[in-house]
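Q: Same order as they appear, the protein sequences are chains A and P.
Position 72 of the first sequence, counted from 1, bears residue number 74 in my numbering, the numbering being contiguous throughout.
Position 79 of the second sequence, counted from 1, bears residue number 81 in my numbering, the numbering being contiguous throughout.
Since the hints were derived computationally from the structure, they do not count as laboratory data.
Just so it is clear, CB atoms sit at the ideal spot from N, CA and C, and this is done for glycine as well.
Accuracy of the hints is not assured; some may be wrong.
What the hints assert, rightly or not - A few chain P residues that face chain A, going by a derived Cβ cut-off under 7 Å, partial list only: (1) R52; (2) R54; (3) M251; (4) M271; (5) I276; (6) Y281; (7) I312.
There are 2 protein chains.
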Amino acid sequence: MRSKEIQLASRPVAMPEPEHFRIVETEVPAPAEGEVMVRNLFMAVDPAMRGRMYDSKSYVPPFELDAPMEGPAVGEVVESRDTRFAPGDLVFHRLGWREAFTAPAERLEQREKGILPPQAHLTFAGVTGLTAYAGMLHVGGLKPGDVVFVSAASGGVGSLAAQIAKIKGHKVIGAAGGPEKAAFLLEKLGLDAAIDYKAEANLTKALARELKGIGEKGIDLYFDNVGGEHLHAALAVANDFARFPICGMISQYNLGGNAPMAPRNLMLMMGKRIRMQGYIANDHKDLWQHCMADMAAWHRAGLLHSAETIHDGIDNALKAFFGLFTGENLGRTLVKLG
Amino acid sequence: MRSKEIQLASRPVAMPEPEHFRIVETEVPAPAEGEVMVRNLFMAVDPAMRGRMYDSKSYVPPFELDAPMEGPAVGEVVESRDTRFAPGDLVFHRLGWREAFTAPAERLEQREKGILPPQAHLTFAGVTGLTAYAGMLHVGGLKPGDVVFVSAASGGVGSLAAQIAKIKGHKVIGAAGGPEKAAFLLEKLGLDAAIDYKAEANLTKALARELKGIGEKGIDLYFDNVGGEHLHAALAVANDFARFPICGMISQYNLGGNAPMAPRNLMLMMGKRIRMQGYIANDHKDLWQHCMADMAAWHRAGLLHSAETIHDGIDNALKAFFGLFTGENLGRTLVKLG
Numbered sequence: 003m004r005s006k007e008i009q010l011a012s013r014p015v016a017m018p019e020p021e022h023f024r025i026v027e028t029e030v031p032a033p034a035e036g037e038v039m040v041r042n043l044f045m046a047v048d049p050a051m052r053g054r055m056y057d058s059k060s061y062v063p064p065f066e067l068d069a070p071m072e073g074p075a076v077g078e079v080v081e082s083r084d085t086r087f088a089p090g091d092l093v094f095h096r097l098g099w100r101e102a103f104t105a106p107a108e109r110l111e112q113r114e115k116g117i118l119p120p121q122a123h124l125t126f127a128g129v130t131g132l133t134a135y136a137g138m139l140h141v142g143g144l145k146p147g148d149v150v151f152v153s154a155a156s157g158g159v160g161s162l163a164a165q166i167a168k169i170k171g172h173k174v175i176g177a178a179g180g181p182e183k184a185a186f187l188l189e190k191l192g193l194d195a196a197i198d199y200k201a202e203a204n205l206t207k208a209l210a211r212e213l214k215g216i217g218e219k220g221i222d223l224y225f226d227n228v229g230g231e232h233l234h235a236a237l238a239v240a241n242d243f244a245r246f247p248i249c250g251m252i253s254q255y256n257l258g259g260n261a262p263m264a265p266r267n268l269m270l271m272m273g274k275r276i277r278m279q280g281y282i283a284n285d286h287k288d289l290w291q292h293c294m295a296d297m298a299a300w301h302r303a304g305l306l307h308s309a310e311t312i313h314d315g316i317d318n319a320l321k322a323f324f325g326l327f328t329g330e331n332l333g334r335t336l337v338k339l340g
Numbered sequence: 003m004r005s006k007e008i009q010l011a012s013r014p015v016a017m018p019e020p021e022h023f024r025i026v027e028t029e030v031p032a033p034a035e036g037e038v039m040v041r042n043l044f045m046a047v048d049p050a051m052r053g054r055m056y057d058s059k060s061y062v063p064p065f066e067l068d069a070p071m072e073g074p075a076v077g078e079v080v081e082s083r084d085t086r087f088a089p090g091d092l093v094f095h096r097l098g099w100r101e102a103f104t105a106p107a108e109r110l111e112q113r114e115k116g117i118l119p120p121q122a123h124l125t126f127a128g129v130t131g132l133t134a135y136a137g138m139l140h141v142g143g144l145k146p147g148d149v150v151f152v153s154a155a156s157g158g159v160g161s162l163a164a165q166i167a168k169i170k171g172h173k174v175i176g177a178a179g180g181p182e183k184a185a186f187l188l189e190k191l192g193l194d195a196a197i198d199y200k201a202e203a204n205l206t207k208a209l210a211r212e213l214k215g216i217g218e219k220g221i222d223l224y225f226d227n228v229g230g231e232h233l234h235a236a237l238a239v240a241n242d243f244a245r246f247p248i249c250g251m252i253s254q255y256n257l258g259g260n261a262p263m264a265p266r267n268l269m270l271m272m273g274k275r276i277r278m279q280g281y282i283a284n285d286h287k288d289l290w291q292h293c294m295a296d297m298a299a300w301h302r303a304g305l306l307h308s309a310e311t312i313h314d315g316i317d318n319a320l321k322a323f324f325g326l327f328t329g330e331n332l333g334r335t336l337v338k339l340g
C-alpha cells in the first residue's frame with residue numbers, strides 16, 4: 003500500500019510556512035510479527051504541534067527532521083499480526099500526518115466501533131475532551147456560582163470547556179475572532195455572552211461590558227487558551243480568588259525572539275489572590291473514565307455540540323494547520339484521510 | 003501628650019516623593035470610656051503601603067488624604083479606660099505613622115512582654131513571619147527535594163522565607179541587590195547560593211550558573227517578591243510542576259502608566275505545568291498559631307536571623323519608606339518611635 007506523509011523539512015523560527023514541510027509518498031511495509039497495518043480515517047491538527055517544531059525540551063520530544071510528523075489520529079486496521087487487533091478494528095494512535103502505516107501493536111489503542119462517529123475520538127471523546135474537562139473541573143476547580151470566561155471558545159478545547167460550564171449551570175462568556183464565531187458561541191453553544199475580540203479595541207472594556215450585560219461584576223474562572231491580551235483582560239476583571247487554568251497561549255507561539263507584551267498587570271494576582279496553573283491533559287489520566295462517561299452522556303442527551311472543521315485529504319493537512327494561527331477554523335480542526 | 007504624625011497630602015502616580023506627604027503635630031486626646039492611649043515603640047514600613055496610596059479598590063481600602071497613614075506598629079499603653087488593657091502593656095496595632103494616639107480598645111492586640119524584643123512582633127513573630135510561612139509551606143507547598151529560589155531574599159519577608167526553606171533542609175538560592183546583600187545571604191542566612199541581580203546582565207543565565215554550582219538543574223519553588231525579570235528568569239529555569247507563591251511584585255509598583263514588560267515567557271507555564279498563586283497572609287490566619295510556635299522555637303534555637311534595618315524617629319519614616327524602592331534597606335524596615 004502507498005501512503006503520502008508530511009515531513010518536517012526545517013524548523014520554523016516564527017510563523018510556520020509551506021517551505022518548512024514536504025510531502026513524501028512511501029510504500030507501507032507489510033506487518034512483521036507483533037505489528038499492525040492501519041489506514042488512517044481522520045487526523046487532528048492542534049497548536050501544540052507548533053511547540054514540537056522547535057528543537058527544545060518540552061513535555062514531548064521535538065519532531066525529527068526529514069521524518070513524518072506525529073499527531074493524534076484514528077484509523078482502521080487493514081492487516082494484523084498481533085492477536086489484540088483484527089482487520090476492521092477502529093484504533094486511536096499518534097501516527098497522524100500520514101495516510102497509512104505499519105507499527106508495533108503497542109502504539110495503538112482500541113476504540114469501540116459504531117457508537118460514536120470515528121472522529122469523536124479526536125474531539126469530545128478523546129484527549130481534547132479530557133483537556134477541557136480536567137482544566138475546567140480539576141485544575142480550575144469550578145464551583146457553584148462561578149462566572150466563567152473562555153478564550154478561543156469556538157475552538158476544539160474551548161468549545162467543550164465552555165459547554166461543560168454551561169451544562170453545570172454557570173454563566174459563561176466566550177471570546178472568539180470574527181462575527182460568525184461570536185454568533186456560533188451564542189447560537190450553537192448557548193453561551194450567555196460572546197465577544198468578537200477582533201472587533202474590540204480594548205478587551206478589558208469589552209469583558210466589563212459583557213459582565214454588566216449578564217448582571218455580574220467579575221469572573222471567577224478564566225479558561226485560557228490564548229494568553230496575551232485575553233489574559234490581561236481576564237486579570238483586570240477577575241474576582242478575588244479567581245482561578246486561571248492555563249491550557250494554551252496560542253497568541254504567544256509564533257513570536258520567535260519578539261517578546262510578547264502582555265499581560266502587563268500580573269501584579270493583580272496578589273491582591274486578588276489569583277491562581278494560574280499550567281497543565282496538560284496527560285497528567286490527569288485518572289479523570290479519563292469519568293470524563294468519557296460524562297461526555298458520552300452529554301452527547302447522547304443533546305447537550306454537547308461537537309465543533310469541528312473537517313479538511314479533506316492529506317494534501318490539505320498543512321492548510322488546516324496554518325489555519326490554526328490565522329483563526330480560520332471553527333472547533334477542532336480535523337483532516338479526513340480515508 | 004503631643005504626637006507627630008505623617009499624612010498623605012496627595013496621591014503619587016509613579017514613585018512617591020516627599021511632596022506627597024506632610025508631617026503634622028497634634029495633641030493626643032485623653033481616652034474616653036473604652037479607649038486606650040498608646041505611645042508607639044516601633045512601626046514598620048512595607049511596599050504594600052504603596053498600593054494604599056492609589057485611590058483604587060484592593061484588599062485593603064486606600065489611605066485617606068489629609069489623615070495620618072496606617073501601618074503595623076507596636077506600642078506601650080500609657081493610659082487605659084478599658085478593662086482589657088493596663089499601663090505598660092505591649093500592644094500590636096495598625097496605627098503606625100504617628101508617635102502616639104488614643105483609640106478604641108478594639109483596635110489593639112495584646113502581645114506578651116519581655117519574651118522577644120518588641121519589634122519582633124513586626125518581623126518574624128508577626129504578619130511578616132506569617133507571610134513567609136504561609137507562602138513557603140502552604141501556598142508553595144514546599145516538599146522534600148524541592149530546590150528553592152527566593153527573590154528579595156535580604157528583605158523582611160524574603161529573608162524569613164529563605165530561612166524557613168533552609169531550616170527544612172532545602173537547597174536555597176537567594177537574589178538581592180548589591181554585593182553586601184549577596185554576602186549577607188551567604189554569611190548571615192546560610193543560603194547555598196546568592197545572586198547580586200544588579201551585577202547580572204541576564205538573570206536567567208545567572209540562575210542557571212548558580213543552579214549548576216549547587217549541582218541542580220532547575221527550581222521547584224520560586225518565592226516571588228519582585229515579579230518582572232526575576233519572574234521571567236524563574237520561569238526559564240523552573241522544573242516541571244514548580245510552584246510560584248506570589249507574595250509581591252515590587253518591580254511593578256511604581257511604573258505608573260508605563261507598562262511593565264516582563265515576564266515574556268509565561269507560556270512556559272503550560273509545558274512545565276507551573277502553578278502561580280497570589281496570596282496575602284490574612285487569608286491564612288489558620289496557620290497563625292503553628293507559625294508563631296515554629297518561629298519562636300527557631301529563634302530560640304538560634305536558627306532564625308531577624309533581618310531588620312532600624313531608622314530612628316518619625317522624622318525619618320518617609321526616608322525609610324522611600325528606601326524600600328531604591329533597595330537601601332536590609333531586612334524588614336522599621337522605625338523606632340519611642
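Q: Now look at each hint and say whether the structure bears it out.
A: Hint by hint, here is what the structure shows:
no., hint, result
1, R52, "11 Å, violated"
2, R54, "11 Å, violated"
3, M251, "4 Å, holds"
4, M271, "3 Å, holds"
5, I276, "5 Å, holds"
6, Y281, "5 Å, holds"
7, I312, "27 Å, violated"
Checked against the numbered hints above, the structure violates hints 1, 2, 7; every other hint is satisfied.
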